[in-house]
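**Q** Top line first, the protein sequences correspond to chains A and B. Numbered as in our numbering, the first sequence ends at 273 without a single skipped number. Numbered as in our numbering, the second sequence ends at 1273 without a single skipped number.
It cannot be assumed that every hint is accurate.
Unchecked claim - Only pairs whose alpha carbons sit at most 16 Å apart, straight line, appear in this in silico EDC-like list of lysine to aspartate or glutamate:
no.: 1; chain 1: B; residue 1: Lys1009; chain 2: B; residue 2: Asp1172
no.: 2; chain 1: A; residue 1: Lys70; chain 2: A; residue 2: Glu5
no.: 3; chain 1: A; residue 1: Lys70; chain 2: A; residue 2: Asp4
no.: 4; chain 1: A; residue 1: Lys52; chain 2: B; residue 2: Asp1269
no.: 5; chain 1: A; residue 1: Lys163; chain 2: B; residue 2: Glu1164
no.: 6; chain 1: B; residue 1: Lys1163; chain 2: A; residue 2: Asp172
no.: 7; chain 1: A; residue 1: Lys255; chain 2: A; residue 2: Glu158
no.: 8; chain 1: A; residue 1: Lys196; chain 2: A; residue 2: Glu162
no.: 9; chain 1: B; residue 1: Lys1227; chain 2: B; residue 2: Glu1005
no.: 10; chain 1: B; residue 1: Lys1206; chain 2: B; residue 2: Asp1183
no.: 11; chain 1: B; residue 1: Lys1052; chain 2: A; residue 2: Asp248
no.: 12; chain 1: A; residue 1: Lys57; chain 2: A; residue 2: Glu87
no.: 13; chain 1: B; residue 1: Lys1227; chain 2: B; residue 2: Glu1087
no.: 14; chain 1: A; residue 1: Lys197; chain 2: A; residue 2: Asp179
no.: 15; chain 1: B; residue 1: Lys1057; chain 2: A; residue 2: Glu5
no.: 16; chain 1: B; residue 1: Lys1143; chain 2: B; residue 2: Glu1106
no.: 17; chain 1: B; residue 1: Lys1201; chain 2: B; residue 2: Glu1164
no.: 18; chain 1: B; residue 1: Lys1110; chain 2: B; residue 2: Asp1183
no.: 19; chain 1: B; residue 1: Lys1255; chain 2: B; residue 2: Glu1158
no.: 20; chain 1: A; residue 1: Lys57; chain 2: B; residue 2: Glu1005
no.: 21; chain 1: B; residue 1: Lys1163; chain 2: A; residue 2: Glu5
no.: 22; chain 1: A; residue 1: Lys110; chain 2: A; residue 2: Asp211
no.: 23; chain 1: A; residue 1: Lys197; chain 2: A; residue 2: Glu236
no.: 24; chain 1: A; residue 1: Lys240; chain 2: A; residue 2: Glu68
no.: 25; chain 1: B; residue 1: Lys1110; chain 2: B; residue 2: Asp1211
no.: 26; chain 1: A; residue 1: Lys163; chain 2: B; residue 2: Glu1005
no.: 27; chain 1: A; residue 1: Lys52; chain 2: B; residue 2: Asp1248
no.: 28; chain 1: B; residue 1: Lys1070; chain 2: B; residue 2: Glu1005
no.: 29; chain 1: B; residue 1: Lys1052; chain 2: A; residue 2: Asp269
no.: 30; chain 1: A; residue 1: Lys9; chain 2: A; residue 2: Glu236
Claimed, not checked - What the simulated footprint calls covered on chain B by chain A, stretch by stretch (three residues with Cβ under 8 Å from a Cβ of chain A suffice, anywhere in the stretch; the number is not a length):
no.: 31; segment: 1007–1015
no.: 32; segment: 1048–1059
no.: 33; segment: 1078–1084
no.: 34; segment: 1219–1232
Because the hints were derived from the structure by calculation, they are not lab data. Just so you know, even glycine gets a beta-carbon here, dropped at the ideal spot from N, CA and C.
There are 2 protein chains.
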Amino acid sequence: MSQDETRNKPIGIFDSGVGGLTVAAEIMRLLPQENIVYFGDVGRAPYGGRSKEIITKFTRQDISFLMEHKVKYIVAACNSASAVALETVRGEFDIGILGVIEPGAEAAVKYTRNGRIGIIGTVATIGSDSYARAIQSRNGLVKVFSLACPLFVPLTEEGYIEKEATLLIAQDYLKTLIDVDIDTLVLGCTHYPLLKKVIGKVMGEKVRLVDSAEETARTVAEALAEKDLLRISGGEASVKFYVSDVPDRFSQVVKQFLGRGINNITRLDITRY
Amino acid sequence: MSQDETRNKPIGIFDSGVGGLTVAAEIMRLLPQENIVYFGDVGRAPYGGRSKEIITKFTRQDISFLMEHKVKYIVAACNSASAVALETVRGEFDIGILGVIEPGAEAAVKYTRNGRIGIIGTVATIGSDSYARAIQSRNGLVKVFSLACPLFVPLTEEGYIEKEATLLIAQDYLKTLIDVDIDTLVLGCTHYPLLKKVIGKVMGEKVRLVDSAEETARTVAEALAEKDLLRISGGEASVKFYVSDVPDRFSQVVKQFLGRGINNITRLDITRY
């Protein structure tokens, strides 16, 4: 295969459902010429509350499906999968696989001034302690404060973005992080960028929010550039969506995450992978 | 097998997760002498947002697992499974299987004075229109108003029972039902009895709430009495819990639903059934 053919291969992105679309959207914004295959495991979402064993099995299947599409690079656009499964699964596949933890951790260490970083995410992500480890491996002096915010995912999926109830729940959740004087807060779940405004309001403007979707897209661009795998040749980029259950709900929610509707959604049985 | 041996066999109860525990709790209260096997499919919860096809497959596996435990009667303590899968699956097994729709519908028709009944539940339950059909087959003149309230499940599981945020969300959701002047409201999801107080506050005291957990327990007692299957013989009743993922979270949430903690929880791989 020529290098040009390799460059034309798609970037594979997967998530437990719709959340990874915030990452896909950033990648499409930053690298509009790239072909993309997105898999949303809506039939088994959410991963966030499940065990390491089950998340690892699902992650392996998600990657196997993307490999079938001859992708050139894979993004695990799911914090839970990145946090608990990627370390185990990465060695099993002959392809570059990027999670969302490392880019977020890297950015947080770069941004903090007072060395006090907060992390919010699902129960699985927070329980895995992956962000804390990724941050402390970069700078052992940084103090990390982690907090699970389980209601943020259903709230965003229900369109409760700028409602009073969401503000009250955010105030409940985040007060422990305000008390410990962090200056940087990692939005450690791909749904959370949708709540940036309310989280920013609660935390105050002195706290810098790290959007792991943005940071991940930047890292993808760097990694592809470094491997000389950026797509150069002309022709419109193709973006394909696959889901593991009926696409109805995916279609409904997709607009909120991607900023536009889509119609090319294919359903498949992921348990066969 | 003697009739006494048959009577000693357990009642099997299943749900997508913890919600069915409200039904189990009512059955244990009403029939304290009965042996019980409970299966909570926490590894694949929630069912509420999934397709009919997937919910049907899961329901079949849940029942197969309970059949292995030589149960005498099965309760589908899950509105989503009852609403979309039970009709299909019931004929495949040689045992009495009760869902939570029929008892709730029966009670609502009995209670309403003005013939205007509201139903609240998950997206799957409401989308299936099962309550409306069950009610209208009993009384074709009754008007049914259905409403999905997807945030109620995560709110109860997060312990947001009597919080201001929950009240605001309940006011948001329920205002359309207040506008149409219902006098009876079916809590068509096994989690919702935990929100009785806040739902009652929003709807006002003139609206009667139908707790399908209570109604289902009553129907189980009647069905077992009719079949002469009520356990009579002495000895303490045995209650066993099985789940499809690590029991940690199940243990945490169970107290809220059952009113007491439990320790005999066994994990199994439900996909093998």
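**Q** Against this structure, judge whether each hint is valid.
**A** Against the structure, the hints:
1. Proposed proximity of B:Lys1009 and B:Asp1172 is contradicted: the alpha carbons are some 45 Å apart, above 16 Å.
2. Between A:Lys70 and A:Glu5 the alpha-carbon distance is near 11 Å, which keeps this suggested pair within the 16 Å criterion.
3. Restraint check for A:Lys70 and A:Asp4: satisfied, since their Cα atoms lie roughly 14 Å apart, inside the 16 Å limit.
4. Our distance criterion of 16 Å between C-alpha atoms is met by A:Lys52 and B:Asp1269, whose separation comes to about 15 Å.
5. About 13 Å separates the Cα atoms of A:Lys163 and B:Glu1164, which keeps this hinted pair within 16 Å; it holds.
6. Note on B:Lys1163 and A:Asp172: the hinted pairing holds, with a Cα-Cα distance of about 10 Å set against a maximum of 16 Å.
7. Simply put, A:Lys255 and A:Glu158 have alpha-carbon atoms about 13 Å apart, close enough for the 16 Å limit, and the pair holds.
8. The straight-line distance between the Cα atoms of A:Lys196 and A:Glu162 is roughly 10 Å, inside the 16 Å bound, and the hint therefore holds.
9. Note on B:Lys1227 and B:Glu1005: the hinted pairing holds, with a Cα-Cα distance of about 14 Å set against a maximum of 16 Å.
10. Proposed proximity of B:Lys1206 and B:Asp1183 is supported: the alpha carbons are some 6 Å apart, at most 16 Å.
11. Distance check on the hinted pair: B:Lys1052 and A:Asp248 sit about 12 Å apart at the alpha-carbon level, within 16 Å; holds.
12. Of the supplied pair hints, the one linking A:Lys57 and A:Glu87 holds, its CA atoms being roughly 13 Å apart against a limit of 16 Å.
13. At most 16 Å may separate the alpha-carbon atoms for a hinted pair to count; B:Lys1227 and B:Glu1087 exceed this at roughly 21 Å.
14. This hinted pair does not check out: A:Lys197 and A:Asp179 have alpha carbons roughly 20 Å apart, beyond 16 Å.
15. For the given pair, B:Lys1057 sits about 42 Å from A:Glu5 by alpha-carbon distance, which is inconsistent with the 16 Å threshold.
16. A distance of roughly 14 Å separates the Cα atoms of B:Lys1143 and B:Glu1106; the hinted pair therefore holds under the 16 Å criterion.
17. Distance hint between B:Lys1201 and B:Glu1164 is fulfilled; the C-alpha atoms sit about 12 Å from each other, no more than 16 Å.
18. Of the supplied pair hints, the one linking B:Lys1110 and B:Asp1183 holds, its CA atoms being roughly 12 Å apart against a limit of 16 Å.
19. Note on B:Lys1255 and B:Glu1158: the hinted pairing holds, with a Cα-Cα distance of about 13 Å set against a maximum of 16 Å.
20. Restraint check for A:Lys57 and B:Glu1005: the C-alpha separation of about 42 Å exceeds 16 Å, so the hint is violated.
21. A distance of roughly 57 Å separates the Cα atoms of B:Lys1163 and A:Glu5; the hinted pair therefore is violated under the 16 Å criterion.
22. In summary, the hint linking A:Lys110 to A:Asp211 is supported, as the alpha carbons are separated by about 13 Å, within the 16 Å threshold.
23. Restraint check: the Cα-Cα separation between A:Lys197 and A:Glu236 comes to about 34 Å, which exceeds 16 Å; the hinted pair is violated.
24. For the given pair, A:Lys240 sits about 14 Å from A:Glu68 by alpha-carbon distance, which is consistent with the 16 Å threshold.
25. Our distance criterion of 16 Å between C-alpha atoms is met by B:Lys1110 and B:Asp1211, whose separation comes to about 13 Å.
26. Between A:Lys163 and B:Glu1005 the CA atoms are separated by roughly 57 Å; this puts the pair beyond 16 Å, and the hint is violated.
27. Distance check on the hinted pair: A:Lys52 and B:Asp1248 sit about 12 Å apart at the alpha-carbon level, within 16 Å; holds.
28. Proximity of B:Lys1070 to B:Glu1005 is assessed by CA-CA distance (about 11 Å); at most 16 Å being required, the pair is judged to hold.
29. At most 16 Å may separate the alpha-carbon atoms for a hinted pair to count; B:Lys1052 and A:Asp269 meet this at roughly 15 Å.
30. Between A:Lys9 and A:Glu236 the CA atoms are separated by roughly 13 Å; this keeps the pair inside 16 Å, and the hint holds.
31. With 0 residues carrying a beta carbon less than 8 Å from a beta carbon of chain A, the segment 1007–1015 of chain B misses the three-residue requirement, and the given coverage is violated.
32. Given a C-beta distance limit of less than 8 Å, the hint that chain A covers the segment 1048–1059 of chain B holds, as 5 residues qualify and 3 suffice.
33. Here's how the segment 1078–1084 of chain B fares: 0 of its residues keep a CB closer than 8 Å to some CB of chain A, so the rule of at least three is not met and the hint is violated.
34. Counting residues of the segment 1219–1232 of chain B whose beta carbon lies closer than 8 Å to any beta carbon of chain A gives 0, which falls below the threshold of three, so the coverage claim is violated.
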